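Fit chain D to the given chain H structure using the hints.
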Amino acid sequence: MELALSPEDAAFRDEVRAFIAENYPREMRVPNPETDLTKEQMLLWHRILHQKGWIAPLWPREYGGPGWSISRRFIFEQETSRAGTLPPLAFSVTMVGPVIYTFGNEAQKQKFLPRILSGEDWWCQGYSEPGSGSDLASVRTKAVRGGDHYIVNGHKTWTTLAQHADWIFCLVRTDVSTKPQSGISFLLIDMKSPGVTVRPIITIDGSHEVNDVFLEDVRVPVANLIGEENKGWTYAKFLLGNERTSMAGIGRSTRYLDRLKQIVNAEIPNGDPARLEFIRDIARIELDVLALEATELRVVAQMARGIEPGPAASLFKIRGTEIFQNITELTHRAIGNYGLAIREHPVSANHFMPGPDYGHTASEKYLNSRKLSIYGGSNEIQRNIIAKAVLGL
Amino acid sequence: MDIQFTEEQELLRSSVQRLLRDQYGFDARRKIVATEEGFSRKHWTSFAELGLLAAPFSEDVGGLGGGPLSTMIVMHECGRHLVVEPFIETVVIAGSLIESEGSTAQKGAFIPDIVSGKSIWALAWAEKGSRYDVANVMTTARREGGEYVLNGEKAAVVGAPWADFLIVSARTSGNRNDRNGVSLFVVDRHAANQHLQSYKTLDGRRAAEISLRDVRVGADRLLGAEGEGAAVLEACRDRAIAALCAEAVGAIGELNAATLEYSKTRKQFGTTLGTFQVLQHRMVDMFIAHQEAISLMQHLNLSLAANTPGGSRLASGAKSKIGYAAKFVADQAVQLHGGMGMSDELNIGHYFKRISAINIQFGDPAYHVLRYAQVDAAA
Chain H
114 MELALSPEDA
124 AFRDEVRAFI
134 AENYPREMRV
144 PNPETDLTKE
154 QMLLWHRILH
164 QKGWIAPLWP
174 REYGGPGWSI
184 SRRFIFEQET
194 SRAGTLPPLA
204 FSVTMVGPVI
214 YTFGNEAQKQ
224 KFLPRILSGE
234 DWWCQGYSEP
244 GSGSDLASVR
254 TKAVRGGDHY
264 IVNGHKTWTT
274 LAQHADWIFC
284 LVRTDVSTKP
294 QSGISFLLID
304 MKSPGVTVRP
314 IITIDGSHEV
324 NDVFLEDVRV
334 PVANLIGEEN
344 KGWTYAKFLL
354 GNERTSMAGI
364 GRSTRYLDRL
374 KQIVNAEIPN
384 GDPARLEFIR
394 DIARIELDVL
404 ALEATELRVV
414 AQMARGIEPG
424 PAASLFKIRG
434 TEIFQNITEL
444 THRAIGNYGL
454 AIREHPVSAN
464 HFMPGPDYGH
474 TASEKYLNSR
484 KLSIYGGSNE
494 IQRNIIAKAV
504 LGL
Chain D
272 MDIQFTEEQE
282 LLRSSVQRLL
292 RDQYGFDARR
302 KIVATEEGFS
312 RKHWTSFAEL
322 GLLAAPFSED
332 VGGLGGGPLS
342 TMIVMHECGR
352 HLVVEPFIET
362 VVIAGSLIES
372 EGSTAQKGAF
382 IPDIVSGKSI
392 WALAWAEKGS
402 RYDVANVMTT
412 ARREGGEYVL
422 NGEKAAVVGA
432 PWADFLIVSA
442 RTSGNRNDRN
452 GVSLFVVDRH
462 AANQHLQSYK
472 TLDGRRAAEI
482 SLRDVRVGAD
492 RLLGAEGEGA
502 AVLEACRDRA
512 IAALCAEAVG
522 AIGELNAATL
532 EYSKTRKQFG
542 TTLGTFQVLQ
552 HRMVDMFIAH
562 QEAISLMQHL
572 NLSLAANTPG
582 GSRLASGAKS
592 KIGYAAKFVA
602 DQAVQLHGGM
612 GMSDELNIGH
622 YFKRISAINI
632 QFGDPAYHVL
642 RYAQVDAAA
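Chains as they are written, first to last, in our numbering: chain H, 114 to 506; chain D, 272 to 650.
Mixed in with the good hints there might be a few duds.
Distance condition first, Cα-Cα at most 30 Å in a straight line; then the derived DSSO-like pairs of lysine-lysine [stated by the list, open to error]:
{"hint": "1", "chain 1": "H", "residue 1": "K255", "chain 2": "H", "residue 2": "K292"}
{"hint": "2", "chain 1": "D", "residue 1": "K535", "chain 2": "H", "residue 2": "K255"}
{"hint": "3", "chain 1": "H", "residue 1": "K152", "chain 2": "H", "residue 2": "K222"}
{"hint": "4", "chain 1": "H", "residue 1": "K501", "chain 2": "D", "residue 2": "K313"}
{"hint": "5", "chain 1": "H", "residue 1": "K344", "chain 2": "D", "residue 2": "K538"}
{"hint": "6", "chain 1": "D", "residue 1": "K535", "chain 2": "H", "residue 2": "K501"}
{"hint": "7", "chain 1": "H", "residue 1": "K350", "chain 2": "H", "residue 2": "K501"}
{"hint": "8", "chain 1": "H", "residue 1": "K165", "chain 2": "H", "residue 2": "K152"}
Simulated from the structure, these hints should not be mistaken for laboratory data. Just so you know, these numbers come straight off a predicted model, no measurement behind them.
So here's chain H without its partners, still in its complex pose (with noise of 0.2 Å):
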């Protein structure tokens, strides 16, 4: 589905369409892009990205952003996951960034910004605890304030790719005796502090993207502490709804209907009624990208005229992530006895992996997008908000 585009905004998306093909990495197209690369390719196209001045689409121009409208912006992420680039870390861009240039001081703005839009520095987000996974406002890790430091003690966990992190962002209770979410803070810490440990946990799928960060007795400058003390809370929920509308995934699983079709196609012959059952079920999550897809556009076409879709935002966090498990379930499925077999991580070419090529992957991905419907809040908890927030009850 397009958006009707006006004469220039289709020469940007010929534009943007043609840069990619010339522009991004070989050595990024691997069978696992999300665990297969190393930091430093990881960064490639975050560098190319960089230097053609299209690292930031939702920054404003004053700090690095290309300043496109919205529909250009829309236009860029729909051209960027429908070619299947790994998109820039989102801690770094997407999140921290917006907070530190709408919140943050001007010293702040100078000293992280330029070094976020360089790739120079690698963020990642202490939120979670292991004690409060979607209840955000329960935060425990502590934050004493003596002198021009504080103290921070505490323990932060599931943080995606902390191991390569410079820098992470983390909610510090600063306050204890009020109400949960006036007490807490919005602190930037160096991960090279003393105190800060980083222990990899390793996920069902066997790949190491989440860890647990300890916070021991860390010393943090008063000059990281983002905006006021006591109103993180606020920050944060902002941070969030830049999350949750970026998780709609449509050019993903537009993509990973098309590689499902292949391998039906590839596996299962003519006369099989299996496969008039694939026909149906990937038929159905076709029209649910569609339906998603069309929502989205509305949105977006809703957005330029000014219009923000506030917490109704959820439903592309729920529909995204339902819609991309029941793909990567399907793909499993399809593979047949294949779906046995799974990719040891670290991944090596040593490692025997039996059938097609295109298969190798569908046990991890089946696996790993179990985490979808959980993380970024809960679609328990997203279903609330769209109940709470959107119909009143």
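Positioned in the frame of chain H, the structure of chain D alone reads:
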């Protein structure tokens, strides 16, 4: 209908329970899976010593005469503990094939070593592109004098890297999908001209792709009548399905218990998870799925034990219904455990993975619901 276990069956159940509780905790299992070989010969010997490997065989061949119900009891406990050792492959599949199809000489040659834990077996039935049809066989067996010569590629042979013997399906006549012309052969896993490529499975086991290049076996290694292997394999699959269903039910029970416990202790938004109605209803559905799965598991195993007509159709029905139930429970157990459900450190994800594998082995739930709809009610 609810199975009242006999004293002997109770004894079997409590002894398996004790053995696995003492020796097969989650950490012990993790260590076993991480070894070079990927399973434990020591535990296999314990299974033999306890009589588990003899349980389903008839007394005529040196077994304990427990039949499908003893398999159900053992596999239910194996499901609870995520046992990786090849009980289904060796005892339920190979053992029953030899018992039902083997000559007196073959039974005498092979069953004692299975019962004593000395030999491990695997069944090589699948091929690239065969999906779940046991008659879809391209591997050939050509008769040459007193021998058969086997050529072809077998796929996704679970347990093959551990096995001393393989039972291989190969075509002695007919074309790829013909029901007639499939024959079964006992092949020494270490005999010449086999090439094994081993790999890990998502549920922590080992499997292999096997290519056979002029593998020669004596005519005395033909198992059952020449050309009639497809029907034999289907009957064998029914027994394997009954065992897998029991294993799935064991896993469902553990997932439900763990999820319920977690929901009573885990606090979010100032209250335990279990107080949220949406999660209560989810867990009620998990409970119902478990109850229905138990019932179908019993129904199928009783039917196989009594050899009543319709057993094969029922096997497909149970494989489908219990498969979907197990998938639902596994999905929800991971979801309700949140991030912890995704972690390799917790057992929840490992049950999820075993259930995912069960739902592939011998046909996925979608395949079997169609077979249930299509096969003769008397089958």
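- Query: Is K152(H) close enough to K222(H), meaning Cα to Cα at most 30 Å?
  - Reply: holds, 25 Å
- Message: Please verify whether K344(H) and K538(D) have alpha carbons no more than 30 Å apart.
- Response: holds, 24 Å
- Taking 30 Å as the top limit, are the C-alpha atoms of K255(H) and K292(H) close enough? With a Cα-Cα distance of about 15 Å, the restraint between K255(H) and K292(H) holds, given a limit of 30 Å.
- Item | Given pair status - K255(H), K535(D), alpha carbons within 30 Å | Holds, because 27 Å separates the two Cα atoms, which is no more than 30 Å.
- Message: Check whether the Cα positions of K501(H) and K313(D) lie no farther apart than 30 Å.
- Response: violated, 57 Å
- Is it true that the CA of K350(H) sits at most 30 Å from the CA of K501(H)? holds, 16 Å
- Going straight from one Cα to the other, do K535(D) and K501(H) come out at no more than 30 Å? With a Cα-Cα distance of about 25 Å, the restraint between K535(D) and K501(H) holds, given a limit of 30 Å.
- Given the proposed pairing of K165(H) with K152(H), does the C-alpha separation stay at or below 30 Å? Between K165(H) and K152(H) the Cα gap is close to 21 Å, so the pair holds against 30 Å.
The earlier numbered hint that this structure contradicts is number 4, and it is the only one.
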